[in-house]
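In the order they appear, the protein sequences are chains H and C. Quick note on numbering: our numbering labels position 30 of the first sequence as 30, and the sequence is numbered without any gaps. Quick note on numbering: our numbering labels position 76 of the second sequence as 76, and the sequence is numbered without any gaps.
What the hints contain is simulated information worked out from the structure, not anything from laboratory work. We put the beta carbon where it would ideally sit given N, CA and C, even for glycine. Treat the hints loosely; a few may be bogus.
To be verified - Here are some of the chain H residues that sit facing chain C, going by a computed Cβ distance under 7 Å: (1) 67; (2) 71; (3) 75; (4) 76; (5) 78; (6) 83; (7) 85; (8) 115; (9) 173; (10) 176; (11) 250; (12) 253; (13) 254; (14) 255.
To be verified - Cβ pair distances, simulated, as ranges: (15) H:30 / C:322: 46 to 52 Å; (16) H:320 / C:139: 47 to 53 Å; (17) C:121 / H:200: 56 to 62 Å; (18) C:349 / H:315: 38 to 44 Å; (19) H:12 / C:226: 42 to 48 Å; (20) C:226 / H:205: 46 to 52 Å.
Claimed, not checked - Stretch by stretch, here's where chain H covers chain C in the computed footprint (C-beta under 8 Å, at least three residues): (21) 41-49; (22) 114-123; (23) 152-158; (24) 169-182; (25) 333-347.
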Amino acid sequence: MSEQRSQAEETVDRTIVDAVRDGLHTEMERDGDVLVLGEDVGATGGVFRATEGLLEAFGERRVVDTPLAEVGIVGSAIGLAASGLRPVAEIQFMGFSYDAVGQLFHRAARLNARSRGRYNCQLVVRMPYTGGIRAPDLHGESMESIFVHQPGLKVLAPSTPYDTKGLLISAIRDPDPVIFLEPKKIYRASEEPVPTEGYEVPIGEAATRREGTDVSVFTYGAMTRPTLAAAEELAPEIDAEVLDLRSLWPLDRAAIVESFKSTGRAVVVHEAPKTGGLAGEITSTIQEEALVYQEAPVERVTGFDVPYPLYDLEDYQLPNVARIREGIRSAAEF
Amino acid sequence: MTLWSETEPEEDFYRVLAPDGSLVGEPPDLAEGELELLYWTMKRTRRFETKGLALQRAGELSIISRSRGEEATPLGAAAALEPGDWCFPLYRQLPGLFYWGVPMDRTLAGMMGAEPETVDEHLPFGDERSEPPVNFSPVYVPLGSNLPNTVGSALADKLNGRETVSLTFVGDGTTSEGDFHEALNFAGVFEVPAVIVCQNNQWAISVPAHRQTASDTFAEKADAYGVPSERVDGNDVFAVYEACKRAVQRARAGGGPTFVECVTYRIVEHNTADEPSVYRSEEQRERWLERDPIDRFETYLLERGVIDESDIEAMEAEIDEAIAGAVARAREVPDPDPERMFDNHLRGESWTERHQRAELRRERRGENPFTDWNGEGFQ
Chain H
1 MSEQRSQAEE TVDRTIVDAV RDGLHTEMER DGDVLVLGED VGATGGVFRA
51 TEGLLEAFGE RRVVDTPLAE VGIVGSAIGL AASGLRPVAE IQFMGFSYDA
101 VGQLFHRAAR LNARSRGRYN CQLVVRMPYT GGIRAPDLHG ESMESIFVHQ
151 PGLKVLAPST PYDTKGLLIS AIRDPDPVIF LEPKKIYRAS EEPVPTEGYE
201 VPIGEAATRR EGTDVSVFTY GAMTRPTLAA AEELAPEIDA EVLDLRSLWP
251 LDRAAIVESF KSTGRAVVVH EAPKTGGLAG EITSTIQEEA LVYQEAPVER
301 VTGFDVPYPL YDLEDYQLPN VARIREGIRS AAEF
Chain C
1 MTLWSETEPE EDFYRVLAPD GSLVGEPPDL AEGELELLYW TMKRTRRFET
51 KGLALQRAGE LSIISRSRGE EATPLGAAAA LEPGDWCFPL YRQLPGLFYW
101 GVPMDRTLAG MMGAEPETVD EHLPFGDERS EPPVNFSPVY VPLGSNLPNT
151 VGSALADKLN GRETVSLTFV GDGTTSEGDF HEALNFAGVF EVPAVIVCQN
201 NQWAISVPAH RQTASDTFAE KADAYGVPSE RVDGNDVFAV YEACKRAVQR
251 ARAGGGPTFV ECVTYRIVEH NTADEPSVYR SEEQRERWLE RDPIDRFETY
301 LLERGVIDES DIEAMEAEID EAIAGAVARA REVPDPDPER MFDNHLRGES
351 WTERHQRAEL RRERRGENPF TDWNGEGFQ
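Chain H on its own, in the form it takes in the complex (with noise of 0.2 Å):
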């Protein structure tokens, strides 16, 4: 962890799900203005129970039930951010919120510089992405390009619980509209201290999860624990270096240079798309800022541009412990 941690606060143990639970809660005791709307958010919880206890807590008003449409959702939550609410939308999966882009594009992305800063959009729109759960089409989505290239919005993508409650709150105070992605495949796959505070992890900072002098690894979300499981795997043989990106817009760039001229050779792992995903921007960042330091070519990780497969066919498409491993060789031997 790259956050300085009080060793008096109070900790509990808690998943990623519970962290999105715990950063709501915690956001909606401490600023009434803040409430959260979506199909099912309310009597269920959440598909996933990401919001279980908050209608109790925080009752019809701040708990908002939809109609099952995200142009709706998303819509309204934006004029509700005008109006000077912080709405926390929820959208089911990733896959369900291309209707909506077209809101976000316009409208969000927009308000703020159209207005000349009077009006702000302070939205949080929340939505599970990745693969690997068994799910129906476009249950596996992980498109998170398409948020990235459009400019004026800002999009994260936690990896541990710790960094869910802490981005997600820091999500929730930012005054720009916020793409929060939950990685769902590990939803619940481990559990870590989580202080019962609130807390900040800033917006924009890459953390480092395995230092390393051979080969430096760029990735983010679900894709982190596979990626750290295949770089101790090479260990001791090779020695390679771990980022978590955590925000994708902004790009902690300078984090990606910097480890970059250190190790001379990368490797960028995502489950989605190659073509247009985020590995070709690292790839070029590295390129323009950094290539006399490049001693072999940039290795990109990633899902194949088909799109997401049913799921007997997902594993083959989701970059997997051995296929990370025989990536970061390639960039290590080359």
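Take the given structure of chain H and dock chain C to it, following the hints.
Relative to the frame of chain H, chain C by itself:
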């Protein structure tokens, strides 16, 4: 099928002022000064837009869309609001904006493509003119996208217990958008204090209203969402005002949303890049010119002695002088600092923004911006 773009059925809508200027219903209870303001706003908008067209043809303005012949709808609707209310306009609602004091010089500067911050600096609000007391959202061209935001704005007021109302406009074409239906459904379910005004001018660029819908009217679409609706003569400023006033008052009192269909006609081109003679008949347009909203209101005011011919002459001269002054001031807005494009965008320190600003600066200095091989960044 009784949509007006195809046939002309009986005028089965709410009307107060007939095309010949005679009263066929109860007029709103408005003082003479208020009547003059309505008239003056329509006159001013029409002359302003005529000047705008000339400036556009001369290459000074970007594409513009005029409200000519439809002025009564946005004007009557906006006039029904109160200070503190919200309005989400589209691009053919200038009369509504002018009614609430949006200045002509700032509007023109915007049409000239000026950067808003620079407009603010050079044509500021201040002691001599204050900001409009109604909150106007920025105008976005993808029509329909304003609707869910309007519903959200109204929902915020309801949740906060504020007695403010949010009003927005849709066109006949907009009712085909998915956003329209999701927003109307939300409005009905959450009973928000919103007024949705359908400015049915019967043409979405070249597509007539009967190609937008198989419904008999646009108003009846609201029935499906449990939203009360009313259908009015959109060229009758009294009818629009009265219907919208009722809707605003009901919303303010907690009675929920209303949909108001205002039937009018797009007398002119969709915008300055459009040529309507390709797709519609001049005859249809001629019939609608006889229902002009300004002519009928002028006749009404003249007959009642609220104004006389000399008032009109004086008003026109005054408006033209004001427009000339606005054009001169808008032309004086200087080119902005190009780096302004990065402002009011995303808050917080960003490597990308820092580097891209520096690249732009180098380019403007005539230096090669693409030579930062070491990632040190430019100064």
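To see whether the hints hold, each was checked on the structure:
| no. | hint | result |
| --- | --- | --- |
| 1 | 67 | holds (6 Å) |
| 2 | 71 | holds (5 Å) |
| 3 | 75 | holds (2 Å) |
| 4 | 76 | holds (3 Å) |
| 5 | 78 | holds (5 Å) |
| 6 | 83 | holds (3 Å) |
| 7 | 85 | holds (5 Å) |
| 8 | 115 | holds (5 Å) |
| 9 | 173 | violated (11 Å) |
| 10 | 176 | holds (5 Å) |
| 11 | 250 | holds (5 Å) |
| 12 | 253 | holds (4 Å) |
| 13 | 254 | holds (5 Å) |
| 14 | 255 | violated (9 Å) |
| 15 | H:30 / C:322: 46 to 52 Å | holds (50 Å) |
| 16 | H:320 / C:139: 47 to 53 Å | holds (49 Å) |
| 17 | C:121 / H:200: 56 to 62 Å | violated (34 Å) |
| 18 | C:349 / H:315: 38 to 44 Å | holds (40 Å) |
| 19 | H:12 / C:226: 42 to 48 Å | holds (45 Å) |
| 20 | C:226 / H:205: 46 to 52 Å | holds (48 Å) |
| 21 | 41-49 | violated (count 0) |
| 22 | 114-123 | holds (count 3) |
| 23 | 152-158 | holds (count 6) |
| 24 | 169-182 | holds (count 3) |
| 25 | 333-347 | holds (count 5) |
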